[in-house]
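2 protein chains.
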Amino acid sequence: MAELQRNAAGRLVVTEINGEPAVPYMGVGAYKPRGRKAAPPIARCADYPADGNKVVPDLKEALVRAGLRDGMTISTHHHFRDGDLIANRIFEIAAELGVKDLRWFPSAAFPCHAPLIAHLDSGVIHHIEGSLNGPLGDYASSGKMRGMGVLRSHGGRYQAVQDGEVHIDIAVIAAPTADPFGNANGVEGPSACGGLGFALADSQYADTVIVVTDHLVPFPCVPWQIQGNLVDMVVVMDRIGEPSKIVSGTTNITRSPDRLYIAELTAKFVDAAGLVRDGFSFQAGSGGTSLAFAIYLREIMKRKNVHARFVRGGSTRYLVQMLEEGLTDYILDGQTFDLEGVRSMRENPRHVHTNPFVSYNYHGKGNVASMVDIVVLGATEVDLAFNANVVTHSDGRLMHGIGGWQNCLFSRCTILPLPSFRDRIPVIVDEVTTLCGPGELIDVVVTERGIAINPRRQDLIDATRDSGLSITTIEEIQSRVERICGGKPAKPRFTDNVIAAVKWVDGTVIDVVRQVVPAP
Amino acid sequence: MAELQRNAAGRLVVTEINGEPAVPYMGVGAYKPRGRKAAPPIARCADYPADGNKVVPDLKEALVRAGLRDGMTISTHHHFRDGDLIANRIFEIAAELGVKDLRWFPSAAFPCHAPLIAHLDSGVIHHIEGSLNGPLGDYASSGKMRGMGVLRSHGGRYQAVQDGEVHIDIAVIAAPTADPFGNANGVEGPSACGGLGFALADSQYADTVIVVTDHLVPFPCVPWQIQGNLVDMVVVMDRIGEPSKIVSGTTNITRSPDRLYIAELTAKFVDAAGLVRDGFSFQAGSGGTSLAFAIYLREIMKRKNVHARFVRGGSTRYLVQMLEEGLTDYILDGQTFDLEGVRSMRENPRHVHTNPFVSYNYHGKGNVASMVDIVVLGATEVDLAFNANVVTHSDGRLMHGIGGWQNCLFSRCTILPLPSFRDRIPVIVDEVTTLCGPGELIDVVVTERGIAINPRRQDLIDATRDSGLSITTIEEIQSRVERICGGKPAKPRFTDNVIAAVKWVDGTVIDVVRQVVPAP
Chain A
984 MAELQRNAAG
994 RLVVTEINGE
1004 PAVPYMGVGA
1014 YKPRGRKAAP
1024 PIARCADYPA
1034 DGNKVVPDLK
1044 EALVRAGLRD
1054 GMTISTHHHF
1064 RDGDLIANRI
1074 FEIAAELGVK
1084 DLRWFPSAAF
1094 PCHAPLIAHL
1104 DSGVIHHIEG
1114 SLNGPLGDYA
1124 SSGKMRGMGV
1134 LRSHGGRYQA
1144 VQDGEVHIDI
1154 AVIAAPTADP
1164 FGNANGVEGP
1174 SACGGLGFAL
1184 ADSQYADTVI
1194 VVTDHLVPFP
1204 CVPWQIQGNL
1214 VDMVVVMDRI
1224 GEPSKIVSGT
1234 TNITRSPDRL
1244 YIAELTAKFV
1254 DAAGLVRDGF
1264 SFQAGSGGTS
1274 LAFAIYLREI
1284 MKRKNVHARF
1294 VRGGSTRYLV
1304 QMLEEGLTDY
1314 ILDGQTFDLE
1324 GVRSMRENPR
1334 HVHTNPFVSY
1344 NYHGKGNVAS
1354 MVDIVVLGAT
1364 EVDLAFNANV
1374 VTHSDGRLMH
1384 GIGGWQNCLF
1394 SRCTILPLPS
1404 FRDRIPVIVD
1414 EVTTLCGPGE
1424 LIDVVVTERG
1434 IAINPRRQDL
1444 IDATRDSGLS
1454 ITTIEEIQSR
1464 VERICGGKPA
1474 KPRFTDNVIA
1484 AVKWVDGTVI
1494 DVVRQVVPAP
Chain B
984 MAELQRNAAG
994 RLVVTEINGE
1004 PAVPYMGVGA
1014 YKPRGRKAAP
1024 PIARCADYPA
1034 DGNKVVPDLK
1044 EALVRAGLRD
1054 GMTISTHHHF
1064 RDGDLIANRI
1074 FEIAAELGVK
1084 DLRWFPSAAF
1094 PCHAPLIAHL
1104 DSGVIHHIEG
1114 SLNGPLGDYA
1124 SSGKMRGMGV
1134 LRSHGGRYQA
1144 VQDGEVHIDI
1154 AVIAAPTADP
1164 FGNANGVEGP
1174 SACGGLGFAL
1184 ADSQYADTVI
1194 VVTDHLVPFP
1204 CVPWQIQGNL
1214 VDMVVVMDRI
1224 GEPSKIVSGT
1234 TNITRSPDRL
1244 YIAELTAKFV
1254 DAAGLVRDGF
1264 SFQAGSGGTS
1274 LAFAIYLREI
1284 MKRKNVHARF
1294 VRGGSTRYLV
1304 QMLEEGLTDY
1314 ILDGQTFDLE
1324 GVRSMRENPR
1334 HVHTNPFVSY
1344 NYHGKGNVAS
1354 MVDIVVLGAT
1364 EVDLAFNANV
1374 VTHSDGRLMH
1384 GIGGWQNCLF
1394 SRCTILPLPS
1404 FRDRIPVIVD
1414 EVTTLCGPGE
1424 LIDVVVTERG
1434 IAINPRRQDL
1444 IDATRDSGLS
1454 ITTIEEIQSR
1464 VERICGGKPA
1474 KPRFTDNVIA
1484 AVKWVDGTVI
1494 DVVRQVVPAP
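For the record, the sequence lines run as chains A and B.
Residue numbers for the first sequence follow our numbering, beginning at 984 and rising by one.
Residue numbers for the second sequence follow our numbering, beginning at 984 and rising by one.
It should be emphasised that the hints constitute simulated quantities derived from the structure, not laboratory data.
Mixed in with the good hints there might be a few duds.
Listed next, the in silico EDC-like pairs over lysine to aspartate or glutamate satisfying Cα-Cα at most 20 Å (straight line) [to be verified]: (1) B:1015 <-> A:1190; (2) A:1285 <-> A:1307; (3) A:1015 <-> B:1030; (4) A:1015 <-> B:1190; (5) B:1015 <-> A:1030.
Covered stretches of chain A, going by a simulated chain B footprint (3 or more residues, C-beta under 8 Å) [unchecked claim]: (6) 1032-1038; (7) 1347-1359.
For glycine and all other residues, C-beta sits at the position ideal for the given N, C-alpha and C.
Turn these sequences into a full structure, and let the hints guide you.
Right, here's the structure in full:
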């Protein structure tokens, strides 16, 4: 049984993760890292082909040359999202080679990775450090994974690699376009997905870096989102992803009248609060409500003749349209969600490819996230202290990764537009099941039954007092919803077994996730 | 007196440089570095302004906040070339603050830095590690600098910082455009100079990074050639460089009939050798002969209907023209030499900003230099073993930096087009005064009195045998020239005092430069 300690948020958390000591969360900005960044081994040109051709016959050969062996850490990336074909292939090869006890360190996992459960069962994979969505979340939540899962934000993943918390032995970077030297990008080729920023840390810090592509071009592959000077080998395959699942092709706004209403309320709120000023910035993700928010906001911007300095993506055709209409000077994009986003990133120098180092890494000399005026995010639960949960469902099962969510909380105004209940289960709870974001960083909760402003943000309360919007308290929204839903939601039932640790942006442990007791 | 050891090139070199042990040169590709890259301290966002505004009142304040004190290493860059106003200002401030014994670590020095001699005399600067051109070279050559100079190539400078050989305490990066967060580029603003790649290592590895600009724009400054996430402070000044000296505005080809003839011969040679093939690549610098070579080559390419995959800059309007005519797919540019180069880099995504890490660092997983088909370089002397000198003059005085010269030697065909004598002093000598480039990497010497191919390159000898070009031996050229000049050049006279070490691309010491005995 893991030893537990109460952290600054009052949560009992592990002090050790898979045999390594872990630091309990100390509060926002309280933890001071000591020491220096991870230092990769010094390479030399004499050990690489002078003609720059690093192509090896196949992925198995590359993994063998990389010295794949028991206990190694293998990283992959979610640029292909649910269309990824590489991660499963890596562990098939590992199984063929009889390798055991690997740590898989993806930037995110998707339902397409369900076949890895067999490798977890057989011992090829010891545990996964990364988001545990869908089937992998179920697997972990039922206590079947041998090691403890570790959930990190995109920025936290960069921080962990940069700070040497996670040492990657072999990084496999699937790239829609690459040259034989290893320069790679995601904007060209049949599997084009946009950027490759999630693999940046891996390319910089892993001992061995393998680029896998289905579209090899002569040197130089420009732009080089991944730099060939950091790459050891290049593998060419027929198909590295299923294009139809890489990007959705279209991103649709929500059709739910409730969600549209919440999105509209959110746009009205930021306008009323005076945040829609010339030169402002915002981030809205790919969810239906976020997209609808962006569309309502765009109408307000046009009406007021206001333009943004930058918009943070996940980009979609809606953001691209704003860029092309001159409603924003720039899109700073970590991840393109549709083909229009890919096209725009390829063609428009004002659609800027970013990465978690630039956008989110908390152990840098600042990052972009804290400069964003308005951020709109989702959550599975919010509690009366504005703490929010984004990884577990109301039944306690681990179902989502953190993504950039924790990192985005550092914006100047963080808003959670949420339906007040889902499947008749209230979203506002006394205390969140899993603490992912401290309430002090969450400024506003917008529901169809009222808008609650965090009491810490007296400025926002004052600014919107006479707005005509239904500003209320979070307690009031909670009680309204509980009346509708017939009371508080049932608490999920857990065993004492900790199945995953949730890291804060600074690498400390903000909470843990426990094994779920199956419904009787 | 420094202890000396004979290195693999037969040169007696120092085993210690300014109190640190130094490794003698072991041969091309022979030295295997051990250990890991330098590891900068871990920063955290909590210590930087959340609004991203890192502007401090002035450079003095920035240097004080950076903790400027005796014995520190201060780096600057030569993006403004002979128009730089920042390096002198830094050491003026250091003098005002009473700070002593600084190491100045520029990416290159220029005649505009002559005022630093006063600070070398007064003890503010202990010594300079970087090119010692013109007045600074004279100063060092006369034995007046307290510490030993260290000459490195552009790639060697990156390698030294990356490998932790040189720890930079404070990097001051003068940038034509920057935002308050520290993102910076060289393509916009009144002092636009092109790229800022020479400052990359400094931004990544220095303890404190200060960006100085005369053109502050709102966040984000795009493109960010220097990333704000690595920057501590931003200083805004009225003027950071003298625009007329930053780029020349025009770059002129040589008018000397001899040099034009040598350039034409060089172009004919590469054509005869079969190197001008579709998809080939070349690098030609900013010297008059190199420019003329590029123009002759362009005519051959047009005639043969051949296009290049990439051209390495130093870019000039001639290379830009080739890019715009479709004669090359890309310019990979480390340094723009004229305003057309700056414009092209700003406007054309196929004019790619590079840096010494990508192009030249020998301690990476390959670099661009070894993939270039043809490189045309200068030299002050070449000897019978094809060894070349690029730092000292025939009188033994240190007069030039290495620049990218050593790094470029790794190309597939390295050619030195040289006049066979200068001021009646033969350029081909029995043994070079200072060894900068091993003869095994120098393939061809083209002079107006014949073309000498390195006997190691039987392939080139075979390919050009029936070309009608005047292919001969280096010995034959030497004897022809000695007949004209009245014998071998006088040997420069040196004391035993070593005033500078010349590093090879891997950080080992390939030669030393001694104090010159003044002419009687």
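Here's how the hints hold up against the structure:
{"no.": "1", "hint": "B:1015 <-> A:1190", "result": "17 Å, holds"}
{"no.": "2", "hint": "A:1285 <-> A:1307", "result": "13 Å, holds"}
{"no.": "3", "hint": "A:1015 <-> B:1030", "result": "10 Å, holds"}
{"no.": "4", "hint": "A:1015 <-> B:1190", "result": "17 Å, holds"}
{"no.": "5", "hint": "B:1015 <-> A:1030", "result": "10 Å, holds"}
{"no.": "6", "hint": "1032-1038", "result": "holds (count 5)"}
{"no.": "7", "hint": "1347-1359", "result": "holds (count 7)"}
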